[in-house]
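Trainee: The residues making up each chain are set out below.
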Amino acid sequence: GQNIDQPTEMTATEGAIVQINCTYQTSGFNGLFWYQQHAGEAPTFLSYNVLDGLEEKGRFSSFLSRSKGYSYLLLKELQMKDSASYLCALGLNYGQNFVFGPGTRLSVLP
Amino acid sequence: DVKVTQSSRYLVKRTGEKVFLECVQDMDHENMFWYRQDPGLGLRLIYFSYDVKMKEKGDIPEGYSVSREKKERFSLILESASTNQTSMYLCASSPRPGTGGNTIYFGEGSWLTVV
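Chains as they are written, first to last, in my numbering: chain F, 9 to 118; chain B, 5 to 119.
Treat the hints as calculated values from the structure; they're not laboratory data.
Cβ coordinates follow ideal geometry from the N, Cα and C atoms, glycine included.
Hints are supplied without guarantee of correctness; some may be wrong.
Said to hold, decoys possible - Simulated coverage check for chain F against chain B, where a stretch passes if three residues somewhere in it have a Cβ under 8 Å from a Cβ of chain B:
id, stretch
1, 46-54
2, 109-117
Claimed, not checked - Among the chain F residues that face chain B by a calculated CB cut under 10 Å, a handful are:
id, residue
3, ASN11
4, ILE12
5, GLN14
6, ALA20
7, PHE37
8, GLY39
9, TYR80
10, SER91
11, LEU95
12, GLY99
13, ASN101
14, PHE106
Claimed, not checked - Here are the simulated DSS-like cross-link-like pairs (lysine-lysine), alpha carbons at most 25 Å apart as the crow flies:
id, chain 1, residue 1, chain 2, residue 2
15, B, LYS74, F, LYS65
16, F, LYS89, B, LYS74
17, B, LYS22, B, LYS61
18, F, LYS76, F, LYS65
19, B, LYS59, B, LYS74
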């Protein structure tokens with residue numbers, strides 16, 4: 009198995025920066041993905057890392073360290089609409105399989 | 005814009021009924037997936053298909069079957085629904101690597117309640 013771990017819940021304040029961590033144990037994967045899921049809705053794609061390092065997309069950035077089995081999603085200038093669950097997922101077999109972590113529920117407070 | 009459409013948003017079925025959940029994607033993707041999502045357990049893969057008429061078991065296939073007769077359509081079948089199959093079901097698709105894009109796209113989800 010891939011044993012993906014994420015914190016269950018996090019709370020942050022509007023305008024702040026928050027880092028959501030994801031650790032995993034796996035023998036191999038093609039890429040690490042981050043998704044956002046609002047309550048009652050489908051997950052939507054946020055970011056993707058293949059190589060080690062930081063990928064930046066506007067207010068969202070994702071970091072990967074394959075040697076440490078670790079990734080994080082960084083959200084800047086938090087807005088109320090960022091309150092959602094954030095899922096990290098490993099892409100396996102070149103897109104034929106995706107394994108998801110349990111998700112982190114983020115609450116952004118005014 | 006990518007589109008994965010699930011036929012039913014909310015369903016209520018009785019124990020023992022046969023249930024069909026339909027999913028259609030318009031992106032010409034090779035790979036299609038069925039997940040269920042339960043509180044505290046996250047997304048769990050039921051079945052996936054990487055080509056027409058091909059299917060592979062995921063992590064929790066028991067009590068489910070699938071059908072992929074056409075590339076764009078992937079159906080999930082509950083042969084005899086049970087209360088422990090009450091859940092949110094998510095269909096998804098992804099392209100074959102090298103054909104453009106590398107992520108997975110989800111439908112809106114189907115909330116199934118078995119009573």
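Trainee: So, against the hints stated earlier in the document, which numbers end up violated here?
Mentor: 3, 6, 7, 9, 10, 15 and 16
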